[in-house]
Amino acid sequence: MLDKRIPYIEFLMRRNPQNPVPLPERHLPEGYSLAFYTPGDEGAWCRIETAVGEFASETEAATYFQKNFAPFSDELRQRMMFIVDPEGEKVATCTAWRTEKQRPLLHWLAVKPEAQQRGVASYLAVKTTALLEELHPNQPIELHTQTWSHQAIGIYEKLGYELIPSTKDYEKGLAILERVVEEAF
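If you're matching positions, the sequence shown starts at 1 in our numbering and goes up one per residue.
The hints are simulated quantities; they were obtained by calculation from the structure and are not laboratory data. Be aware that one or more of the hints could be misleading.
Calculated pairs, SDA-like style, for lysine to any residue (alpha carbon to alpha carbon, straight line, at most 20 Å) [said to hold, decoys possible]:
| no. | residue 1 | residue 2 |
| --- | --- | --- |
| 1 | Lys4 | Leu177 |
| 2 | Lys90 | Ala184 |
| 3 | Lys127 | Glu10 |
| 4 | Lys127 | Glu30 |
| 5 | Lys4 | Arg47 |
| 6 | Lys4 | Leu28 |
| 7 | Lys90 | Glu30 |
| 8 | Lys158 | Asp169 |
| 9 | Lys67 | His144 |
| 10 | Lys101 | Lys158 |
| 11 | Lys127 | Tyr32 |
| 12 | Lys158 | Lys4 |
| 13 | Lys127 | Gln139 |
| 14 | Lys67 | Glu42 |
| 15 | Lys101 | Glu134 |
| 16 | Lys172 | Arg47 |
| 17 | Lys158 | Leu28 |
| 18 | Lys90 | Gln116 |
| 19 | Lys158 | Lys67 |
| 20 | Lys168 | Ala184 |
| 21 | Lys101 | Gln139 |
| 22 | Lys67 | Glu54 |
| 23 | Lys90 | Pro20 |
| 24 | Lys90 | Arg118 |
| 25 | Lys158 | Ala184 |
Remember, predicted model here, so these are calculated numbers, not experimental data.
With these hints in hand, go ahead and build the complete structure from the sequences.
Written as structure tokens, this is what we have:
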């Protein structure tokens, strides 16, 4: 879930292929499974992203999906992943995508609140990073995140992603992250 109690500051993170941190082995909870996109999964993607607060409504999420993902359905079958819970519901997603300049991009990692705190996000981050390394060998992998996703930033850092000073509010964002970590203890 996004932590919208704190100010929003965007961050760029990058995993350097010249000095890669080995990806740890992660496992899903019993009964959960990994599935790749199949046509019709756009509704599940919209429900997941709306549940975590990325969009105000599933209609807004669907508009984004139609514009940015739907034209690439063949690619989605190889790049968009879902986690399916024991009841068969898709509860998490992440996409091994690319930037406008065709750089590898870990994109739209989200886990429904009821599936959080079970290792699902870490598992998806590892699987997506590994897929990006396979599809784009020896290239840096980027991801965009924000202070609202401070818990995910910790996951990314454990996988070798580093915060890149790329915005004018970078230092302000770091101060917010430090404060959030201090308050957690």
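Verification of the supplied hints:
Proximity of lysine 4 to leucine 177 is assessed by CA-CA distance (about 13 Å); at most 20 Å being required, the pair is judged to hold. The straight-line distance between the Cα atoms of lysine 90 and alanine 184 is roughly 30 Å, outside the 20 Å bound, and the hint therefore fails. For the proposed pair lysine 127 and glutamate 10, the alpha carbon gap of about 24 Å is over 20 Å, so the pair is violated. For the hint linking lysine 127 to glutamate 30, the alpha-carbon distance of about 17 Å falls within 20 Å, and the restraint holds.
Straight-line distance between C-alpha atoms of lysine 4 and arginine 47 comes to about 19 Å, which keeps the hinted pair within the 20 Å bound. At roughly 28 Å between alpha-carbon atoms, lysine 4 and leucine 28 are farther apart than 20 Å, so this suggested pair is violated. A distance of roughly 15 Å separates the Cα atoms of lysine 90 and glutamate 30; the hinted pair therefore holds under the 20 Å criterion. This hinted pair does not check out: lysine 158 and aspartate 169 have alpha carbons roughly 23 Å apart, beyond 20 Å.
Note on lysine 67 and histidine 144: the hinted pairing holds, with a Cα-Cα distance of about 19 Å set against a maximum of 20 Å. Pair hint lysine 101 plus lysine 158 does not hold up; C-alpha atoms about 26 Å apart against a cutoff of 20 Å. About 14 Å separates the Cα atoms of lysine 127 and tyrosine 32, which keeps this hinted pair within 20 Å; it holds. A distance of roughly 23 Å separates the Cα atoms of lysine 158 and lysine 4; the hinted pair therefore is violated under the 20 Å criterion.
Pair hint lysine 127 plus glutamine 139 holds up; C-alpha atoms about 16 Å apart against a cutoff of 20 Å. Note on lysine 67 and glutamate 42: the hinted pairing holds, with a Cα-Cα distance of about 12 Å set against a maximum of 20 Å. Under the criterion of a C-alpha separation no larger than 20 Å, the hint pairing lysine 101 with glutamate 134 is consistent with the structure, at around 18 Å. Distance hint between lysine 172 and arginine 47 is unfulfilled; the C-alpha atoms sit about 32 Å from each other, more than 20 Å.
Restraint check for lysine 158 and leucine 28: the C-alpha separation of about 18 Å stays at or below 20 Å, so the hint holds. Annotation: proposed proximity of lysine 90 to glutamine 116 holds, straight-line Cα distance about 13 Å (limit 20 Å). A distance of roughly 32 Å separates the Cα atoms of lysine 158 and lysine 67; the hinted pair therefore is violated under the 20 Å criterion. Straight-line distance between C-alpha atoms of lysine 168 and alanine 184 comes to about 26 Å, which puts the hinted pair past the 20 Å bound.
Between lysine 101 and glutamine 139 the alpha-carbon distance is near 13 Å, which keeps this suggested pair within the 20 Å criterion. The straight-line distance between the Cα atoms of lysine 67 and glutamate 54 is roughly 16 Å, inside the 20 Å bound, and the hint therefore holds. The hinted pair formed by lysine 90 and proline 20 fails the criterion: a straight-line CA distance of about 31 Å is larger than 20 Å. The hinted pair formed by lysine 90 and arginine 118 meets the criterion: a straight-line CA distance of about 15 Å does not exceed 20 Å.
At most 20 Å may separate the alpha-carbon atoms for a hinted pair to count; lysine 158 and alanine 184 meet this at roughly 18 Å.
Hints 2, 3, 6, 8, 10, 12, 16, 19, 20, 23, counting from the list given before, are not met by this structure.
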